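Protein chains: 2
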Amino acid sequence: MIFTCNRNNLTNAISIAQKAVDPRTTYNILEGILFVAEEGKLILTANNLEMGIKTECPAEVKETGKTVIDSKIIGEIVRKLPEDIVTITVNNASDITIVSGSAEFKIKGKDAEGFPDIPVVSDGEKIVISQQEMKEIIRQVIFSASTDETKKVLTGIYIETDGNNVVVVAIDGIRMALRRSVMSQANSNFSCIVPAKTMNDIGKILGDDEGDLAITVSNNQILFSVPGTEVVSRILEGKYLNYRNLAMTDYQTKLVVNTEQLLSCLERAVLLYSEARKYSIKFDINNDVLTISANSEGGKIKDEMPVNMEGKPMSISFNPRLFYEIVRVIDEDTVVLNICTALGPCTIKPVSGDRFVYTIAAVRGTN
Amino acid sequence: MIFTCNRNNLTNAISIAQKAVDPRTTYNILEGILFVAEEGKLILTANNLEMGIKTECPAEVKETGKTVIDSKIIGEIVRKLPEDIVTITVNNASDITIVSGSAEFKIKGKDAEGFPDIPVVSDGEKIVISQQEMKEIIRQVIFSASTDETKKVLTGIYIETDGNNVVVVAIDGIRMALRRSVMSQANSNFSCIVPAKTMNDIGKILGDDEGDLAITVSNNQILFSVPGTEVVSRILEGKYLNYRNLAMTDYQTKLVVNTEQLLSCLERAVLLYSEARKYSIKFDINNDVLTISANSEGGKIKDEMPVNMEGKPMSISFNPRLFYEIVRVIDEDTVVLNICTALGPCTIKPVSGDRFVYTIAAVRGTN
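Going down the list, the protein sequences come from chains A and B. First residue of the first sequence? That's 1 in our numbering, and the numbers climb one at a time after it. First residue of the second sequence? That's 1 in our numbering, and the numbers climb one at a time after it.
Everything labelled a hint here was simulated from the structure, so no lab data went into it. Being a predicted model, the structure only gives us computed values, none of them experimental. Keep in mind that a hint or two might mislead.
Note that the list lumps identical chains together, so a pair holds whenever it fits in one copy or between two copies.
[As the list claims (entries may be wrong)] Mimicking PhoX-like on lysine-lysine, the simulated pairs with C-alpha atoms at most 25 Å apart in a straight line are:
{"id": "1", "residue 1": "Lys-300", "residue 2": "Lys-106"}
{"id": "2", "residue 1": "Lys-239", "residue 2": "Lys-126"}
{"id": "3", "residue 1": "Lys-302", "residue 2": "Lys-72"}
{"id": "4", "residue 1": "Lys-110", "residue 2": "Lys-19"}
{"id": "5", "residue 1": "Lys-106", "residue 2": "Lys-302"}
{"id": "6", "residue 1": "Lys-152", "residue 2": "Lys-72"}
{"id": "7", "residue 1": "Lys-106", "residue 2": "Lys-151"}
{"id": "8", "residue 1": "Lys-62", "residue 2": "Lys-106"}
{"id": "9", "residue 1": "Lys-239", "residue 2": "Lys-41"}
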């Protein structure tokens, strides 16, 4: 196996494949990336048994072949090579030589035979959506997935399609994050739960303006394809919560607030809490003013901002950290808060349209 | 105590004072910063009992007074205030109110009476040097101080003056880093050993072009003064090594190398070593070519670069990480390596002048 390629192309391909390398794996061979040199290209494969990634790198292949190379070592070596061009030669005994300019590395590879295949997802429902849009959707919902392994389905991201509409949801038990979007090509009707870690890695692989992402869903696997890269992940089994019940629109108090002002207020409110998850902040809404106050053993904070309100005056408390994480990902200048009752919940929506809905439960106030 | 000041000025003053707050202190009061409001200014003091810092912040003082405020909390609050102007009010019971725009914080302070004074250093030898020059000197020697607490004097930085010349030295037992400089005003003759941690903090406080640094040395304390800030540190007791013996100029082989090429070569050479401190790289110098090679259980590397050499061909091995740290701080395009014998040491100097000298011991080669 002998090939020559561009150092930066190879660095990119390695960094994509590395997302499916689990550094804590107990399968020795899975610490490596499978390199397959074919006519005109190199294919890199990595697999952590929950998710597999296959990505291509253009290469001038003098001799086809395959080998497994330690993911960390090859990544560091290629990134630091002195010249733009790198030539890698592997002999039968998996002695690997990497040459770039005056620098020559010799390292050991592993036999490619033991490397587990990535499941093939050929049939199934297929949808297509812009990479940039999916990257943004993932950023806006992923933080709301649960990390509690005892509620397995909530550690995933729920994807549901209907015609050319798609809904992506994450619920951690206290919050819900929901994003709607329209797909470029699709007439499909399915739902599935994808591990949040997979969705997070997909978000990192997606480019800002490099064509579409195709998603194919089979029985128990999901395939994400962008030009040159395929990611296959298992799907979580089980039934997801009915998000429609959580996206309620009833309210006793409705307010329109400046997103940035609310965010910086929440940011200050968490300062006094060394363990922010334990505490609460109070929203008092009256006479078109939102007063946010908190009272911890560390001290007190009070802040206020003008709002447009409808309905009755309201006092309600929230976990400041969880509220802050929602407001941080909102990309609109102003948002609508609908507060159902003083016992919650609060839904956060755009001023017009239904592109996103966040719901957060109230907490019993401590101040 | 009531004062109003600019948020950014106060943030800067707090971040300077924080360098003398030891977060692991067992003296409760030393987790705080002493705030003293005097006519027209605020003075912040922090003290970790090895080093003390006193720094000023311009303020409009309505009522003088003093209090101690938790360093971490006040730092975070002030940095996140919504407006440029902040007013802090402290009543007798150390109830502190911080107001900026619509935001109001209430936290508790501590009685200033228990806060330990910083030693006064008035008499003693005094030197003056540009802040920028001292910042650069510290960067270029500090990495070479020992972290081995059993050789206490070597955990410090040695400063020696003679007329208007100053020499700053750090030795860790394997390496020496030495920088010479000329002071703006001085006719002094002293030597002292300053804890490396103090010098590191001084390096962070010094500005790039904001006037001079004055250093005053008394029996067991050293005072560093820049406009608005004073740092007092204890001096390490004991006798320092005779650095003149280590700055030797004899050589069997002398070579002039491109600094950047050597650095990137060394950077690649350490890639194969998971625990770089244990291994060695070999320099082979012959026919105006420097060949660097390494051989670890992880693999082999070989690299070469053109050099100008004098003297006889040479093979010598070094610890790659320790050599790399030296070359990384050198700010000249080319440097001279003088290799004494195949058993070392190697000295690294500028092509002309004696502004710096680095010495590194050889290691027994493993390849």
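Identical-chain pair category, Lys-239 with Lys-126, by Cα at 25 Å: Cα proximity of Lys-239 and Lys-126: one copy only (21 Å, versus 76 Å across).
When Cα atoms must be at most 25 Å apart, do Lys-106 and Lys-151 count as within-copy, between-copy, both, or neither? neither (47 Å within a copy, 40 Å between copies)
Is it within a copy, between copies, both, or neither that the alpha carbon of Lys-152 lies no farther than 25 Å from that of Lys-72? neither (31 Å within a copy, 38 Å between copies)
Using 25 Å as the alpha-carbon threshold, which applies to Lys-300 and Lys-106: within, between, both, or neither? Close across copies (5 Å), not inside one copy (62 Å); limit 25 Å.
Should Lys-302 paired with Lys-72 be assigned to within, between, both, or neither, using CA atoms and 25 Å as the limit? For Lys-302 and Lys-72, the Cα distance is within 25 Å only across copies (20 Å; inside one copy 49 Å).
Cα distance capped at 25 Å. Does Lys-62 pair with Lys-106 within a copy, between copies, both, or neither? within (19 Å within a copy, 72 Å between copies)
With identical chains, the pair Lys-110 and Lys-19 could be close in the same copy or across copies; at 25 Å between alpha carbons, which is it: within, between, both, or neither? Only inside one copy: Lys-110 and Lys-19 sit 20 Å apart there, 50 Å across copies, limit 25 Å.
Which holds for Lys-106 with Lys-302 at a C-alpha limit of 25 Å: within a copy, between copies, both or neither? between (63 Å within a copy, 9 Å between copies)
Taking 25 Å as the upper bound on the Cα-Cα distance, should Lys-239 and Lys-41 be classified as within, between, both, or neither? This pair counts as neither: shortest intra-copy Cα distance 42 Å, inter-copy 64 Å.
Checked against the numbered hints given earlier, the structure breaks hints 6, 7, 9 and satisfies all the rest.
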